[in-house]
Every structure is written in structure tokens, then in C-alpha cells.
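Enquirer: These are the residues of each chain, in order.
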Amino acid sequence: MKHFKHLQATSADQAAKEAAGGTAWVMAGGTDLLGTLKDEIFPEYPETVIDLKTIEGMDSIEEDGDALRIGALAKLSAVAESELVRQHAQALAQAAERVASPTIRHMGTLGGNVCQMHRCWYFRVPDDRFHCRRKGGKTCPARIGDNRYHSIFGDDNGCYAVSSHDTAPALVALGATVVTTKREIPAEEFFGAHGHRSNVLEDGEVVKEFRVPKTAKSAFQKFALRKSIDFPVVNCAVAQGSDRATRVVLGGVYAAPWRSKEAEEAVAGGVTAESAAKAGEAAVSVAKPLGKNAYKVDIARTLVKRTLTDLV
Amino acid sequence: MAIDNVSRRDFFKVGSIAGLAAGVAGLGIGSVLGVPEEAVAETVTVTDFVYTCPVCGAKAVDYDALVKHFEAEHPDANCGVPQCATLNINGNELKVQVEPQWTLRETLLKAVGLSGGAKEMCDRGGCGSCTVLIDGVPALACTTLAVQCEGKAIETSEGIAADERFRPLVESYAKHDTAQCGYCTPGQFTVAKYIIEKYGEPTEEQIREELAGNICRCGTYSRHVKAIQEAAAAMKGGN
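From first to last, the protein sequence lines are chains A and B. Under this note's numbering, the residue at position 272 of the first sequence is numbered 272, and the numbers go up by one with no gaps. Under this note's numbering, the residue at position 203 of the second sequence is numbered 203, and the numbers go up by one with no gaps.
Misleading hints may appear alongside valid ones.
As the list claims (entries may be wrong) - SDA-like cross-link-like pairs, simulated, lysine to any residue; straight-line CA separation at most 20 Å:
no., chain 1, residue 1, chain 2, residue 2
1, B, K110, A, K53
2, A, K2, B, R223
3, A, K227, B, G57
4, A, K227, B, T203
5, B, K236, B, Q206
6, A, K5, B, S222
7, A, K53, B, E150
8, A, K227, B, R217
9, A, K5, B, D76
10, A, K38, B, T203
11, A, K5, B, V81
12, A, K5, B, T203
13, A, K5, B, N78
Claimed, not checked - Derived list of chain A stretches under chain B, where covered just means 3 residues or more per stretch with a C-beta under 8 Å from a C-beta of chain B:
no., stretch
14, 182–188
15, 262–270
What the hints assert, rightly or not - Beta-carbon label-pair distances, calculated as ranges:
no., chain 1, residue 1, chain 2, residue 2, range
16, B, G200, A, D128, 47 to 55 Å
17, A, Y45, B, E73, 26 to 34 Å
18, A, T139, B, K175, 52 to 60 Å
19, A, K17, B, A233, 38 to 46 Å
20, A, Y295, B, D76, 58 to 66 Å
21, A, R244, B, T86, 51 to 59 Å
22, B, E164, A, D203, 17 to 25 Å
None of these hints come from the bench; they were simulated from the model. Yeah, the Cβ is synthetic: ideal placement off N, Cα and C, and Gly gets one too.
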């Protein structure tokens, strides 16, 4: 890696202040950022890397009335093993348990997983060899290139990369809120292709915690090429709130977690084996696969059906 | 000026002899710091550690000498005064010259001279061959900055192999031929220690789940399961 200064943050607000200029980048577990710095995938390079892990008290998982408050620095392994999360937000625990490998889950944080950059092999190619839309270029190479792992629901600001954070669809399905140093953002509006980022954060904004409403019934499933350590080809989270309405969210199919209103309508009358199958069909009825990823439509259809069946 | 002319080659040569003395060289485990004191005493001590000037490459025996040399010879160098971190590696407190962008794996190899434990393979956190234990929990040395590890206990496979308590693990690893090409073995071995400490007598499923992040191109996975279970039984819970 090229030289950068290292700063140990003492609080989220201090880190946000230091990062406001755009030349200092924040890092939590480092499992995503250090890889991008090694490959120098961006034309820019940070002058300073701010280590958030040194902030105390930002890794707690606690109950707060009818919601859970999970600190952004909570380790993925802690989220997966937490009794509170398992009981009140099962989909999130299941999702955290399927992120990468056990070792990475010991290092990576929930905030880091949610904020990780998109995994597109054009975006991530070393030395910025594909100067794509996300880096200020004119075209998205994935649109006519090898797009087997790309979006099946169209582009976001001209980008066909997919959101491959496992915990993101779970947070959206559970109706979580992302609390940053500046504002509170519903998880549903948090994600998308914005410059280098996979979310709506601005320079000098740091995620502090997640507020997850307690949900009695929720489930998560993931399809990846390898079970042990891999990003999802498609993942799916479903949650049934106290109003009996079911939320169906797919990951790995669009630049942000894809909430399927069509599937939700199909199971509005209750989740049964039949309505789950119909929801699968409905979810992919609006899919627009690219040249090489029509197979993902079949996976998405089946995954919606299977994950909904877990609720029955 | 206390610049010494200890060459790195001499340093590593001594290190590898000490590694052989530990009797685990067949596993690719064993180097300077992890081996028993007496094996190292007559050849190299941790204070012999070499500091290198980032500008001219001169060697210094201690950090203060390096800083003094740097300030006298290269006052205008834009890389800034060399930094140093105190790392606790296998129970030894070591003052190590680091740069902020150095990963722990780089530091263990370049600055400490531990070449056997944290191996470079993918260097992106995808394969697990650089796994070390930080405060007892497996972590990938290639995606951890060395400066983040100050004040934490770092354990590499060299240290575990030299620990008498884990002798049964070394032996069962050798007996079951878990190292085929051997490159991923130190990483797997490190996680094996964690598994034994966490579960006592782990089941096959637990071992497979915990070792999921360690990729082996030779496909020795089932041998690790056998070796760990046998060692765990021999150690009766690892105490």
C-alpha cells in the first residue's frame, strides 16, 4: 500500500470532523477498505485513514423499548451470536452469520458490512483500469461486458453493480433505521450507487448505530457459489411485522437492496406454500436481466419462495 | 552514531537455525521468536533486532539510534521520522519499526523476521493463510494494520508450536499429514488452537465451520478434522 497517515479516532463526531475534507477516509474492520487501497482501484488515495475501532462503547447490542440498538462497531460474529438479535431480529442474525468466513466475521463490523463498496469486477479492477461511471467515466463496462454477477433489475445512475452486503436486505426487511453523526435515515433509503459509495453518506458522516424494530418473524437465505466464504449471487430477507404485513427484500440483484412490492402483494393475504411460490414468480416478473445473468432470475424466484416458506 | 552492520541475511540465517531447533520445521513453523529461550540465547536475542533507515537503508540496533541517524542525515525527507510500535508477539514485547500503511503480515515478515507463520497468499482476506490470533481470536494479518495491534497479544503459529501445551496438536498435525504443500497449514494450525480452546472437544461440524475461511488448494480439509479431534482428545479440553 502507498503511504497514508493513521489516526485513531476517540469518538464518532471527532472522526466525522476529521473526514469532512474528503482526504481522510474512515475504516472500521478494514476488511474492505484495505483491499481497495492495495489495488488502488480509485484515482484518489486517502492522505489519512481514520481507525474507528478505537472508539469506545460503539459496539454494544442492547434492547431499547420495542427496538434493538446495535452499535456500528458491533462485530458480525457478535451480531450473529447475540441472543437478543436471534430472538427479535432473526433475519439479521442469520445474515450476519453468512457473511464471508468466521475469521472475517471476527474482524468485520455491522457498520462496515453495511457501508462496504460494491463488488463489481470492473469497479474493483486494480489501478482504475476501467474508469467506470462510478469514478466519473462515461459508460458502465458491465452493460455490454461480462455481467454474469450484475443487476437483473436495471441500473442505478447508470451503474449495474449489485449490493452484496448480506446484512443490508435484512436491515431493510426489518425496517431498521441508520443513525449517523448527522441524521437518521431509514435503511430502505440508505443504499444506492453514489460515487464511490454504496450509500447516501456524505463526506464527514459516520454511521453510529442501527435501530432495528423487534420483529417476531423474519428469515434470511443466501445463495453463493461456495458456502464457506463468498459474496452472495442472490440473497433474500423477509420479515413479518406486528401489522402482519410481509416485507420481501432481495440482495445481489440491484445496486441497492431490492424491495419487491410485487412479491409483497402476492403474500398480502398470508404466507402459505402456494402464495410463497406466487410471490417468487411476482418478484421476478419485472426483472430485466442483462446478456449473461438470466440465470439469476431463476435463483431469485426460488430464493424468494424458500425464504418466505421459512416463515410458515 | 550507533549504526551497526548486522546484515539481514545473518539475522535470518540465525533465525532459521533456531527454527530447526524447535523441531517443527517440517510444518514450516518455527523461527526466531516462538522458540524456547535457550535455543535462541546463544544465537540471537530480540535486542539484536535490526532497524532500517527508510531513506538510505542503513541498519541500526535500536530505535533511538535510528531516529538520531534519521534526524542527522535526512532532516528534509518527506516520509517523516520512522515510526515504531510496541507489539506483543508470542509473549515477547517488541519495539518494531513500522509504517502506518504496513499490514501486520508485512510487519511480521519484514520487520520482525517471522516468515513461517502468517503467509502471504491472496493478500485480500480471502484465503486465511495469514491467520494469527489477536487477543485469542483469529484475525487476518493481511487486512490488519500493524499500528492497530499495539497493546494486543499477537500469537502466530510459531508461538503456538513452541508452546508445550500444544505439543499434541503439532504431533497430530504431523501424524495425519495435514500439510501437503504446507502453505496454508500455519493459518489452519492457528485456527486449530482457537477451536480447541473454544470448544474443548470439538465436533466435526464445529471444526468445519470454524475452518471455513481457510482455503487449501491441496484439499487436506478432512485431515484437519481428524488431527484437531485427536489432539483435543489428547489434551482433554486444552486447559
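Enquirer: For each hint, tell me whether it holds in the structure or not.
Expert: These are the hints, each one checked on the structure:
no., hint, result
1, B:K110 / A:K53, "violated, 25 Å"
2, A:K2 / B:R223, "violated, 40 Å"
3, A:K227 / B:G57, "violated, 46 Å"
4, A:K227 / B:T203, "holds, 19 Å"
5, B:K236 / B:Q206, "holds, 17 Å"
6, A:K5 / B:S222, "violated, 44 Å"
7, A:K53 / B:E150, "holds, 13 Å"
8, A:K227 / B:R217, "holds, 16 Å"
9, A:K5 / B:D76, "holds, 18 Å"
10, A:K38 / B:T203, "violated, 38 Å"
11, A:K5 / B:V81, "holds, 12 Å"
12, A:K5 / B:T203, "violated, 45 Å"
13, A:K5 / B:N78, "holds, 13 Å"
14, 182–188, "violated (count 0)"
15, 262–270, "violated (count 0)"
16, B:G200 / A:D128: 47 to 55 Å, "holds, 49 Å"
17, A:Y45 / B:E73: 26 to 34 Å, "holds, 28 Å"
18, A:T139 / B:K175: 52 to 60 Å, "holds, 58 Å"
19, A:K17 / B:A233: 38 to 46 Å, "violated, 55 Å"
20, A:Y295 / B:D76: 58 to 66 Å, "holds, 59 Å"
21, A:R244 / B:T86: 51 to 59 Å, "holds, 58 Å"
22, B:E164 / A:D203: 17 to 25 Å, "violated, 53 Å"
Of the numbered hints given earlier, the model fails hints 1, 2, 3, 6, 10, 12, 14, 15, 19, 22; all others are met.
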